[in-house]
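Chemist: Protein chains in written order, with our numbering: chain E, 1 to 83; chain A, 1 to 185.
Hints are computed from structural coordinates only; laboratory data are not their basis. Among these hints, one or two may not hold up.
Unchecked claim - Going by beta-carbon spacing under 10 angstroms, a handful of chain A positions derived as facing chain E:
#1 Val44
#2 Ala115
#3 Ala149
#4 Gly150
#5 Gly153
What the hints assert, rightly or not - Computed far set for chain E versus chain A, every beta-carbon distance over 12 angstroms:
#6 Leu5
#7 Gly7
#8 Ala27
#9 Ala28
#10 Ala32
#11 Ala33
#12 Ala36
#13 Val40
#14 Arg46
#15 Gly48
#16 Ala57
#17 Glu65
Even glycine gets a Cβ: it sits at the ideal position worked out from N, Cα and C.
Residues per chain are reported as follows:
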Amino acid sequence: MTERLEGGLWCHDVLSLLDQYIDGQLAAGDLAAVQAHVRVCEQCARFGGAYGRVVAAVRRGEATEPAPEQLQRLTARVLERLE
Amino acid sequence: VSEREHDLLRAAGRGDRQVFEGLVTATAPRVWRLVRRLTPDDRVAEDVVQETYLNAWRSASTFTGEGSAMGWLYGVARHQAARSWRRRSGEPARSESLDDLGQLAGWGQDPEQAASRAEDRDALLAALASLSDPDQEVIIHCDLEGMSAGDVGELAGLTANAVRVRLHRARLRLMAALREGGRDD
Chain E
1 MTERLEGGLW CHDVLSLLDQ YIDGQLAAGD LAAVQAHVRV CEQCARFGGA YGRVVAAVRR
61 GEATEPAPEQ LQRLTARVLE RLE
Chain A
1 VSEREHDLLR AAGRGDRQVF EGLVTATAPR VWRLVRRLTP DDRVAEDVVQ ETYLNAWRSA
61 STFTGEGSAM GWLYGVARHQ AARSWRRRSG EPARSESLDD LGQLAGWGQD PEQAASRAED
121 RDALLAALAS LSDPDQEVII HCDLEGMSAG DVGELAGLTA NAVRVRLHRA RLRLMAALRE
181 GGRDD
């Protein structure tokens with residue numbers, strides 16, 4: 001890929017800050033620099049958007065509670081099979 | 001509660017079946033919740049939970065007492081879930097290169113492919129199951145269970161910053177695995 005210097009950051013700097021950017025943990029100065037970079041660097045903007053979508057998809061994994069009878073059946077099966 | 005589970009697992013390791021039954025009853029809901037997130041449906045999840053406990057019973061004597069009993073059980077469950085996925089998909093385990101993670105994830109190329117595949121739950125689970133145990137663990141704790149980097153660090157014996165670095169790399173490997181899965185389709 002072609003490295004660009006935009007907003008005071010190279011593309012690889014943006015990549016290293018991406019996680020903190022997605023998680024809202026960047027300090028104000030770094031946040032402004034990343035935002036300035038991605039405004040003009042299409043490849044970082046695209047990658048950041050895709051990265052955020054992947055993280056969001058993982059986070060949507062819902063906690064599924066077992067039904068009481070399902071849990072009872074499951075526990076009984078395990079105990080039957082213990083050697 | 002965690003101390004009691006710890007004692008139960010230690011006792012089970014000495015072959016006390018009745019104690020192990022108590023451990024199963026006490027922990028099955030939490031093991032289920034983890035396994036269900038890593039499997040495509042209830043039927044597969046039930047199989048994986050059963051195999052998790054059968055393996056835990058056989059190997060309880062290997063629990064050294066370091067770390068939590070739930071952490072140990074979760075490790076067994078993740079391993080079984082990954083084995084189940086590989087068995088169903090017929091694919092061997094893959095270990096991703098540490099080099100050029102960003103580019104493997106599509107940086108400067110086609111990152112949207114990974115993002116699109118992540119919307120498919122089965123594809124996402126397949127990609128997650130293909131990662132190493134530490135990568136799966138940090139993603140599960142931070143992104144699925146919503147734990148802070150500091151709390152995960154306490155569990156794993158790492159600094160919060162080390163957890164964040166590990167999470168970043170694990171997420172990139174997940175994207176790379178999603179892209180790779182897309183090429184296999």
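Chemist: If a hint holds in the structure, say so; if it does not, say that too.
Modeler: Cross-check of the supplied hints:
{"no.": "1", "hint": "Val44", "in the structure": "violated (12 angstroms)"}
{"no.": "2", "hint": "Ala115", "in the structure": "holds (4 angstroms)"}
{"no.": "3", "hint": "Ala149", "in the structure": "holds (9 angstroms)"}
{"no.": "4", "hint": "Gly150", "in the structure": "violated (12 angstroms)"}
{"no.": "5", "hint": "Gly153", "in the structure": "violated (15 angstroms)"}
{"no.": "6", "hint": "Leu5", "in the structure": "holds (15 angstroms)"}
{"no.": "7", "hint": "Gly7", "in the structure": "holds (17 angstroms)"}
{"no.": "8", "hint": "Ala27", "in the structure": "holds (14 angstroms)"}
{"no.": "9", "hint": "Ala28", "in the structure": "holds (19 angstroms)"}
{"no.": "10", "hint": "Ala32", "in the structure": "holds (21 angstroms)"}
{"no.": "11", "hint": "Ala33", "in the structure": "holds (18 angstroms)"}
{"no.": "12", "hint": "Ala36", "in the structure": "holds (19 angstroms)"}
{"no.": "13", "hint": "Val40", "in the structure": "holds (15 angstroms)"}
{"no.": "14", "hint": "Arg46", "in the structure": "violated (6 angstroms)"}
{"no.": "15", "hint": "Gly48", "in the structure": "violated (9 angstroms)"}
{"no.": "16", "hint": "Ala57", "in the structure": "violated (4 angstroms)"}
{"no.": "17", "hint": "Glu65", "in the structure": "violated (7 angstroms)"}
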